[in-house]
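Protein chains: 2
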Amino acid sequence: MKVGAWYVGGDRCQFTVWAPSAERVCVKIVDPAERVLPMQPIEFGYWQLTEQIAPGTTYLYQLDGKLERPDPASQSQPQGVHGASQTIDHNTFTWGDREWSNLPLSELIIYELHTGTFTPEGTFDAIAERLPYLKELGVNAIEIMPIAQFPGDRNWGYDGVYPFAVQDSYGGVDGLKRLVDACHQQGMAVLLDVVYNHFGPEGCYVGDYAPYYIDKYQCLWGNALNFDGAASYAVRNYFIENALYWLETFHIDGLRLDASDNIFDLNAKHFLQELAEANAELSARCGRPFYLMAENDLSDVRVTRTAEQGGYGLDAQWNDAFHHCVHTVLTGEQSGYYKDYGTFEQLAKAYKQGFVYSWDYSPDRQRWHGSDSSDLPGQNMVVCIQNHDQVGNRILGDRLTQLVSFDALKVAAAALFMAPNIPLLFMGEEYAEEAPFLYFVSHTDPELIAAVRAGRKKEFAHFHQEQDYVDPESMEAFDRSNLQWETSQQGKHQVMFSLYQHLIQLRRTIPALKQLNKQNLEAIGLPEERVLLLH
Amino acid sequence: MKVGAWYVGGDRCQFTVWAPSAERVCVKIVDPAERVLPMQPIEFGYWQLTEQIAPGTTYLYQLDGKLERPDPASQSQPQGVHGASQTIDHNTFTWGDREWSNLPLSELIIYELHTGTFTPEGTFDAIAERLPYLKELGVNAIEIMPIAQFPGDRNWGYDGVYPFAVQDSYGGVDGLKRLVDACHQQGMAVLLDVVYNHFGPEGCYVGDYAPYYIDKYQCLWGNALNFDGAASYAVRNYFIENALYWLETFHIDGLRLDASDNIFDLNAKHFLQELAEANAELSARCGRPFYLMAENDLSDVRVTRTAEQGGYGLDAQWNDAFHHCVHTVLTGEQSGYYKDYGTFEQLAKAYKQGFVYSWDYSPDRQRWHGSDSSDLPGQNMVVCIQNHDQVGNRILGDRLTQLVSFDALKVAAAALFMAPNIPLLFMGEEYAEEAPFLYFVSHTDPELIAAVRAGRKKEFAHFHQEQDYVDPESMEAFDRSNLQWETSQQGKHQVMFSLYQHLIQLRRTIPALKQLNKQNLEAIGLPEERVLLLH
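Each protein sequence line maps, in turn, to chains A and B.
Following numbering that gives the first Met the number 0, the numbering of the first sequence begins with 0 at its first residue and continues without gaps.
Following numbering that gives the first Met the number 0, the numbering of the second sequence begins with 0 at its first residue and continues without gaps.
Keep in mind that the hints were calculated from the coordinates and are not lab data.
Among these hints, one or two may not hold up.
Because identical chains share one entry, a pair is satisfied inside a single copy or across any pair of copies.
Derived pair list, reagent style BS3-like, types lysine-lysine, alpha-carbon separation capped at 25 angstroms [claimed, not checked]:
#: 1; residue 1: 65; residue 2: 338
#: 2; residue 1: 65; residue 2: 27
#: 3; residue 1: 215; residue 2: 456
The whole structure should be built from the sequences, with the hints applied where relevant.
Laid out in structure tokens, this is it:
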């Protein structure tokens, strides 16, 4: 069931919203010319209305003649998360990427970026201007941190509350389309980070419509989303339609599913499996592959195994263990979850098998953890030596640049491109950016602001670091996280950039590196010599 | 890790308890001769002590010099759930079942009984006296409703709080062993219903020892047991050791895992899979099979699929859908979960495939439900036309006898034994018992008693029945639930008994019925004629 407002021919716009317990639902046109238009109940608690409405019209839904709320499936929020929703006519954009057919999964070299801090402008168009730089570097895919409308204009993106709305301050719908189109015309794939495990804490009104939440499970952010309880069909549909929306309407090439272990679903068919089925249908229909890549904390082979093997059938998952091994071997850090890592044997296992915990006891988790991934294809895993979480979730937001020597950075870079998995770079890594990537938000609710501050401090208590931290609400946190492009081609930064260029070139041309064949790889850790042998 | 008190040679008794946050743990001998004996911390938060102690000694654990509590793994509670635990020497019992090697899974014909109400005496020994009757009927396995120590002496068993302790009022450890031994010597298997999804609400002290609970998930009874959080290894171990205890020490042939869908475990290896692995090891060691059969509400093929197929590897699961189909076709009931059933096509599907909901929309659950079980072997499912839940969870506890004609009862019986699955009878069904099976408890906590009364009324609100109900705390509820043996061989009761005898005889001798081959079965529902064709 398509949800939201969709033009179905000319100016005829079809509104669909799920409000199963409402007795009356209307579309309230806000601008131009305020009007209230009654919707018709259709099946499964959905309401529908098709009306002649000019694109760009703003509207709210009126529930039972009282509550007026933005559309949970709003595609545009021109006045932010608390304002009216806006209709978008997707037919007006002219695509120039007809030749594009996506890249093979195994050949992806991913560059993760945050739209707001990647460029001084903080927009999609400004990213597009940097594509020649990324081409020169050699990466062939960008992965954009979440761009669903969030409160204010500074946010990593994981506080989004309108999964279908493109953050207005980044350039909205057309800005994102222009970026994707430009990428495709330059031979680059575009991956998008999407959040299906929670809504952000400010500006979320879905609870007024329907049981989007369930109190049976507590996720990291409170009550979990309702993926397996009564009426969960519509929550599942909402997110599956969201995935298809990005892939089909925005030509996005793949999705990174944030913290998919916090999607609680004990039904016989897991949401991720249903999503993979929908994705496979779309791929067949469009004649090109789309990729689903999960962040998942469970080190569980089910994520990428096929349905016949009892799995969900996704294309890949992030293997954080690789990062943790490289990080601990280089830094010697042992606080928090790093206490589970630190040996060369583990690093060798990350290369040779993938998951480092394959039903082994994890001191940090205080339980046995993970599954044996030795028979998974290398391309089922995405690995990195830095990413937004591993940098940004440090109290100082310090990159590896701040933690190890320049030579060690080079070793880390080489380690990344030797992995028989899909490599992911975090923006700025390629030139040894020294600016931090801090945690920043721009909430407006004072109670929430206080809670974020307290929560952040609590999170870092785990790492036993006593330093003061930069207030996430401050402009300083955001400004300091901007890339310092002016340094990127200077001195050692230029040296690192050349090294990355060279390593990526090797990776894309030498068969032994290109083919991601774990079977032909031997990895031996020599802890005495602090050497990892790969051959 | 073995937990509880175990004799390791002569009168040397080894005590092991998990108390990871305690700084001091002692065994306090209560009787004879009060003494306090300090335990030693060993690995993973366990404490241990080996001491010369006569069997039958009562003891408590003393935590940090203050709290004195019964043993969570107590094997005997001679003064009930709030009293001291008692050491048991299992070496004193002489077994006479050396020839026994269990029965093939596919040949089991199960008779479910409740120890307290099956006989006037309400003991294991009294069950043993009825074995000739059961042999005459033709069943070859009894399934005993839970016998873990519960508050008072009247309880279905699902309020047990000492999973290792045999209810004292039923006859305790030796009573159960005598029953199992007698069954084996008469060629009958013994299955035991065990509860691994919660502890009962009265007399449960495990929370004083360690994080047995987790607040991340809410199960049907409140906070879920900790199967996947920090320190969950010991909770998993506790229940796995419990399973092995029944199978190895009591010669039980298989376990029925109560409401296994309420064991919340999102780890890469599900508790049920780990349990199945431990069971497979034990079977290999003992040279005979033990069976794990789950009650599971999810209609999920994973329960019995192998680990290679992404499953848990249990031997069988209850398929309630078969019951619901037979029940609704015969009674026409459509309240509560029965609204999901009622057609002959569904009944045909239950025969031909197993699960009736194979990712279909369930009106009662308001979501898609279940998985396709058409390729599962018939012996992977246990089916019934009555059981303790389906009878006892009605406000009047009325059996099918009270709901349909005598002829319809005969049809139901035939329907059961035609199923290509393992049949299960509920005690008394075989002679059309007319006494109800009511819900009864004998809690002592007044607040709890009030809560049970309120909860019970709320549960039945779902079925929209307004009749008054029998107070679960009353002796009346228990007394009225006793089998009326005096009627069993009279008039129509005798007729029904003969029919069951005959049907069981056919089932055990005719290859088409015996072989549980779904592939050779055709099931066609003819709703107009109210006929189900099986051939």
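Evaluated hints:
no.: 1; hint: 65 - 338; verdict: neither (54 angstroms within a copy, 34 angstroms between copies)
no.: 2; hint: 65 - 27; verdict: within (11 angstroms within a copy, 65 angstroms between copies)
no.: 3; hint: 215 - 456; verdict: between (28 angstroms within a copy, 22 angstroms between copies)
Violation of the numbered hints given earlier is confined to hint 1; every other hint is satisfied by the structure.
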